[in-house]
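This is what each chain is made of:
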Amino acid sequence: MVPVDWYMGLAAALFLIGALGMLLRRNALVMFMCIELMLNAVNLTLISAGRVMNDLNGQVAVFFILVVAAAEVVVGLAIIVAIFRRRSTASVDELSELRG
Amino acid sequence: MAESILFVIAALAALAGAVTVVVARNPVYSAVGLLGTLFSVAVLYVIQLAHLVAAVQVIVYAGAVMTLFLFVIMLIGVDKEENRVEPLPMQRLWVGVLAGAIIAFAAGITLIGDFVWVPAASSAVIADNTNGTIQAIAEPMFTDWVLAFEATALLLTIAAAGAVVLAQFKRKAA
Numbered sequence: 001m002v003p004v005d006w007y008m009g010l011a012a013a014l015f016l017i018g019a020l021g022m023l024l025r026r027n028a029l030v031m032f033m034c035i036e037l038m039l040n041a042v043n044l045t046l047i048s049a050g051r052v053m054n055d056l057n058g059q060v061a062v063f064f065i066l067v068v069a070a071a072e073v074v075v076g077l078a079i080i081v082a083i084f085r086r087r088s089t090a091s092v093d094e095l096s097e098l099r100g
Numbered sequence: 101m102a103e104s105i106l107f108v109i110a111a112l113a114a115l116a117g118a119v120t121v122v123v124a125r126n127p128v129y130s131a132v133g134l135l136g137t138l139f140s141v142a143v144l145y146v147i148q149l150a151h152l153v154a155a156v157q158v159i160v161y162a163g164a165v166m167t168l169f170l171f172v173i174m175l176i177g178v179d180k181e182e183n184r185v186e187p188l189p190m191q192r193l194w195v196g197v198l199a200g201a202i203i204a205f206a207a208g209i210t211l212i213g214d215f216v217w218v219p220a221a222s223s224a225v226i227a228d229n230t231n232g233t234i235q236a237i238a239e240p241m242f243t244d245w246v247l248a249f250e251a252t253a254l255l256l257t258i259a260a261a262g263a264v265v266l267a268q269f270k271r272k273a274a
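Line by line, the protein sequences are chains R and Z.
Going by the working numbering, the first residue of the first sequence is number 1, and it counts up by one from there.
Going by the working numbering, the first residue of the second sequence is number 101, and it counts up by one from there.
Worth flagging that the hints you see were computed from the coordinates, not collected in a lab.
Just so it is clear, the structure is predicted and the values come from calculations on it, not from any experiment.
We treat Cβ as the ideally placed atom computed from N, Cα and C, and that holds for glycine.
Any given hint could be a false lead.
As the list claims (entries may be wrong) - DEER-style ranges, computed between Cβ atoms:
| no. | chain 1 | residue 1 | chain 2 | residue 2 | range |
| --- | --- | --- | --- | --- | --- |
| 1 | Z | M190 | R | M1 | 42 to 48 Å |
| 2 | Z | L112 | R | M1 | 18 to 24 Å |
| 3 | Z | L256 | R | N57 | 19 to 25 Å |
| 4 | R | V68 | Z | V158 | 16 to 22 Å |
| 5 | Z | F249 | R | D5 | 14 to 20 Å |
As the list claims (entries may be wrong) - Incomplete in silico selection of chain Z near chain R, CB under 10 Å:
| no. | residue |
| --- | --- |
| 6 | M190 |
| 7 | I237 |
| 8 | E239 |
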């Protein structure tokens, strides 16, 4: 059996890559994908910890995270499309001012 | 043994996909990289007996969410190069320093001290209790977590309505 530390290390690495992408990229779509990456890393920690602690609630929590992530993607992509229609850009640098 | 080999393969694939998401210039490549990561994480779920979660991961994420992503990428256009002008000078250097410090801290407390990531019941766990079949998942979900379940149903409805409102094409007056 693979020790749980390996899973935790992998999840930490995935989360770090996602966070770095969030900080380094300017394309709103890619930033969204990095958010998905971080959510997946957290899901992996929940599943791994649930297995080691012999608790099924970790998997139930992952389900709710999946649903919330799906809702977040739907609204977020709709916002990106709406912004693109007005400004015809998806770069967050060009959308830095909060004006209409 | 087979589990270790499978873990190494899936972990490397997940990391490769994640790096692709960040470094790829073309958003389509980023999406494909994310798809690989999602599949690899689903494999890791299967290794850990979370069968239902793995299936839902593939159906919802790899199926629905990635399709939505690719659809929006195609809609918005993929050819545009990101502009490389730095509004905040030195920010990348500071991000690198910060990330290095965090990695060093995490590796330090893991390697030096006898830090455990998860307080395990015992080192050799019999995973009967966490075998994520549909029956096993449904039992806590519809008893202890039923309020959260209803709340997420409401959340999904609101999200769908919000997306419809946001995506409505409003013709500009005059």
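- Message: Using the nearest Cβ pair, does I237/Z come within less than 10 Å of chain R?
- Response: 6 Å, holds
- Task: Given the hint of 14 to 20 Å, check if F249/Z and D5/R actually sit that far apart at their C-beta atoms.
- Result: Check failed, 32 Å falls outside 14 to 20 Å.
- Query: Is the hint on E239/Z kept, meaning its closest Cβ partner in chain R is under 10 Å away?
  - Reply: Hint holds; E239/Z Cβ to chain R Cβ min 8 Å, cut 10 Å.
- Query: Falls inside 16 to 22 Å, the C-beta gap from V68/R to V158/Z?
  - Reply: Holds - the Cβ-Cβ distance for V68/R and V158/Z, about 18 Å, lies within 16 to 22 Å.
- Message: For the hint 19 to 25 Å, verify it against the beta carbon of L256/Z and that of N57/R.
- Response: Check passed, 21 Å falls within 19 to 25 Å.
- Message: Next item in the hint list is M190/Z. Is there a CB on chain R closer than 10 Å to its CB?
- Response: 13 Å, violated
- Message: Is 42 to 48 Å respected by the C-beta to C-beta distance linking M190/Z and M1/R?
- Response: 46 Å Cβ-Cβ, so the 42 to 48 Å window holds.
- Message: Taking the Cβ atom of L112/Z and the Cβ atom of M1/R, is their distance within the range 18 to 24 Å?
- Response: Distance hint for L112/Z, M1/R holds at roughly 19 Å.
Against the hints set out earlier in the document, violations occur for numbers 5, 6.
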